[in-house]
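Engineer: Each chain, written out:
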Amino acid sequence: MGLVGAAAISGVAVGFVYGMLAFSIVLLFKASGIPNFAQGNIATFGTFIVYLLAARTGLPLPVAIALGFLGTAALGVVIYLGGILPRGEAGTLNLAIRTLAIYLLLFAVMNLFWGVGQPFAFPRFLPAASVPVAGVSVSLLSVVTVAVALVLGGAFWLLYNRTATGLLLRGIADRPEVARLLGANTARLSAMAWLLAGLVAVVVGLLTVPTALLSSDMMDSFFLYAFTAALLGGMTSLPGAFVGGVAVGVVSNVVTVLRGQEISILAIFALLIAILLVRPDGLFGHGVVERL
Amino acid sequence: MKRSFWLLSTAVAAVFVVAACGGSGTATSSGNGGATAPGVTSDTIQIGTTSALTGNVSGPATLTTNGAQAVFDKVNATGGIHGRKLKVNVLDDGYTAPKAVANARTFVDQPVFAVFGGYGTVPAQSIVPILEQAKVPYLFPYQGNPYPDTKYVFLMMPLYRNQTAAVIKEAIQKYGKGSVYALVGKTADTPQTVQVAQQATTDAGGKWLGYDEVNQGTTDYTPYVLRMKQAHPDFVLVSTTPTDCARYVTAMVAQGALPAKRILGLQTLATESFINAVPSEASDVLFAPGPNAAPSNKLAADCVATVHKYSPNTQVTMETLWGCGTAQVLVYALEKAGTNLTRDGLVKTLEGMHQIDAAPVLTPISFSASNHVGESSMYQFTSSGKQLASAGTMPIPDVKT
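Chains as they are written, first to last, in the working numbering: chain A, 65 to 356; chain B, 4 to 404.
Next up, chain B with everything else stripped away, as it sits in the complex (with noise of 0.2 Å):
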């Protein structure tokens, strides 16, 4: 009977030992008090956000945040997923690489279940390393620079260059041939951002003329102007930081050197944000793609009201609807991967999604084990009056650079 008891006590204690060792994502829910991944307990799934709650991109980098935290905030109202509650540590970052990397080492330690969200290029850049290495998801970041043969990295909007390709063709089509001339904010994708735009204008019937190349965080933009402006455009493109974009923008209107037709740009462009920082003879001649709807549209209806609910202090804005549907995308996959959660579970109910409509203010949702980019499509925008107008959607095709 003691042998027996010794016995059985042992095998208990190894159980026990067994699934504390295996708690970084093969333990059951059962044998762990729930905590089936890093981050992940019984009752909660901690995930971790690095954005720039300071600094010149704040503005709308806070309104991302505070729209994906009006949508946990509503999931946490409503008994959470599968019944943890979405724990989200926010750190600043001031749109530096150094605080990111700061921050993301924070999460890895402390450990976050995922990263999700934050805004923009430079941030992301810098983390993306880190994350992979620790195989922490990254999921839905503001921005659209390509991180290749990485497993755990998923982005939301179309890449930069494929944006690129394609506002210039529907800009084409649109308001009829003519000349292009860009400004790019220096990044590790922009010579394949150029040799894209070149390549678009020219298979559209366009003439490119030249570009220039820019650090991000120029104040001075006259220089580049007056050389666009020698170039005598229809159309000017704009790719690189808000900030920057409104500083070049409001030094073509200064200097007089609109573009004959329209000034083109990514997603940063279609933005209440940058529209209200220019003077408004500029504002009238944008055309941008958007990765979600405006706040007017029907299809932003669930989002404006879940913020309106949980976050009323806050702004609705393009960038607030981004953050709430990515979020809305973040809680259908948790809530697909199941109660048995991990990091690869999570991963590979991502890549397994098709076509889903999981947030409505965004285009349909495709992602697979080759492809970590889920929108395909973006709205097209244009302003007038200092509004901005949704003008239907365009495909976003992937180009081969």
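Bound-form chain A, shown alone (with noise of 0.2 Å):
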């Protein structure tokens, strides 16, 4: 297989790099309603916990990580119950100012509390070997990477299909109204969403981390590419979500690899206005129909 094929495979699996942060945006789209442009961020700083625990702290790297989990998962919440719920009816533009604002502040946090010395290198969690996967070598990282995201994707497929929480959460993303007419917690429920966007948000990072290097804008350039991604995929579809990230990922890698990284920025762009040109709603989503 040529350049293009391994430039396409390897697209695929930074594109499910993508396509878990743009789940989680999505996954907080449908809980509340707001884009949520601190969830890069939010990524990074539970990254940031992990890498404390285990390399400062000296807490072996499982325990660290299970202690990030929980750690940015009460992130999420705190966001939302201190940043998101009070006035939570100021209208969609006042709650995105306000996750901007969360991701200023977030970058803030992480520059004054632990800025000097960035970048970090993140203790290796994985051997920094490689498997062929068509032909072409592919490294042992981008596989895992692909694992965990369908893994991450059937967890949740699971949740919104056979729980009954998951199907209260599909009712506040599609009828919040309803759903809370018929006694559904909203506030307790996009809590709950928040919490696991905090999950996947760790999960982003620390698949990230190992190539990246920890700093505080790590996930800066993924962000805008997996938030890309959401709008490609339908901002309401977390199974677009993936489909999307894969596309920026192989768009973006082949291009790169034929005509360079400036072309590729175009190229990306230029398919998500084409997209949203064609399909408003994205390629996945749909659009909310109001009874008049």
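I should point out that these hints are in silico values taken from the structure, not numbers from a laboratory. From a predicted model like this one, the values you see are computed outputs, not experimental measurements. Just so you know, even glycine gets a beta-carbon here, dropped at the ideal spot from N, CA and C. Be aware that a few hints might be false.
Here are a few chain A residues that face chain B, going by a calculated C-beta distance under 10 Å [stated by the list, open to error]:
| no. | residue |
| --- | --- |
| 1 | Ala-185 |
| 2 | Val-200 |
| 3 | Leu-205 |
| 4 | Thr-272 |
| 5 | Ser-280 |
| 6 | Ser-285 |
Each of the two chains sits in its own frame; use the hints to bring them together as a complex.
Structural biologist: Printed below as a string of structure tokens:
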């Protein structure tokens, strides 16, 4: 397989990273109706927690990761309860700006407390091995990334389709007013969505940090691509987030190897505009229909 | 008698007015309370430093600042320079141009006598025009981009394009002829760097395979590694920020795409922070020049002792020693500039330095009116088992583009 094929395969792998981050953005959008611009920095924050526990306090990495999940899930809930829920009826623009402020706040906090010494080399948790896939050498990290993304997608499918909580989450996503009238505690469910998004963010951070190295701005370019993926797939479609992520990853990597970085960026955003012109709600999204 | 008194009083007042107005460089220390230049008083010399105390190069940047501060603390503890203590105002630029520009304007307004040190090309490029226009000496930032036609900018390490040519030539001599591929971060000097790398490769009998140009801050380097891998190079030259170099090299290992012979780099690779950030498979095939001796080298002993004494919590690394060495050169120049310290006097003093060993940890330093780059040779470094190993020095001749 030639260069283009290899780039496409590596694009699938990085696309699943974009997809997982996009997934967490869509998860929150469906639960609370706002695009969360802080999601990338939540991922970085969670990765910092794991790093600090493992590298500076000497905890075993699995314990540090477990505590990182707990801490970031708690952070997600705190952000929701402290920054989104109060005056939550203020409108989408107000809430979106709040998430931008949270993005900047988290960035400032990371720089303030852990800014010195960046970037940090994260403790290696996978060997630097590669495996052949369709004649192309693919890093073990990429294989693990795809596997984790598929497991994560499956777990959320089960949650949404096989549990009462999942049904309620779908309910507030699709018909929040109806769900509320039927007695669903939307605040509790939204808090749960932020908790879950925090967990997914840590997964994304851990799968990114071995190659990106740990710094406050580690997720910035990933977030840009992930948000594009979410828009491409449709902000209301969880599977669409993965499809959008893989599409962005493949287009990005293939165009980069053929025409360079600048053309690659141009191609991705041209693709996004084209898709949104043809399908305003993205590839798999659906518009909101209101009864007049 | 009364008329004489008034004449005398007027004359004394006129002397004070002239002295005060001439404070920008022509006054004497006795005429203005020791203020011979902006940022200089009878007992202090104010220096400004803009560096990345936060952000993704803050690790090495902080070490350079700490290394320099140890020297300044030592000088101050032993009486200062001609009785003046060095006061250093260090501001954080986070390795961003806007913050660096704001810091430079602060220094001009404060005012400082000179701006010293700092880390990286991005801040340096952004503040050179401001400092040059304000006639504030800008000394020894950790970067190797050229600033032609400037009077007040002095660099210490050889230019990147000269390092590039030298490291390719030395590598081919040392490890045998072979092909070269390059990854170059985008800067104003990139076209010249690429041209020089290509020329140096063919001049040394090697084969130039091509290059990739990337924006600094790129996080996924896999596509560039795939392009490089397809070319099967013997040598890969990496020339961008330390973080980006580390990301690229880490992606190389992940893709099983290490070059057949060596990874070549500029001074940013001959550092402990780079060695520690990349897998050992990659660090073991490194070949790069460094602007100063390694901590284990006896030439670094003075700096190591200074840092241990005056900044005991600072780790002694290549960057720390760079900060220490360049600060020693600044101190040397300030002493030579004399009591009646002026900015133009400092420039003249620096331009008069020829093959001076002002800092043992650096190579001999020469400046002139037409040459504002101090070092013309560098140390060679390889790495084994996550430890930098010095292998002598190499000349870094000036390459015309």
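Engineer: A separate judgement is required for each hint: does it hold in the structure or not?
Structural biologist: Hint by hint, here is what the structure shows:
no., hint, in the structure
1, Ala-185, "4 Å, holds"
2, Val-200, "9 Å, holds"
3, Leu-205, "6 Å, holds"
4, Thr-272, "7 Å, holds"
5, Ser-280, "7 Å, holds"
6, Ser-285, "5 Å, holds"
When held up to the earlier numbered hints, the structure conflicts with none and fits them all.
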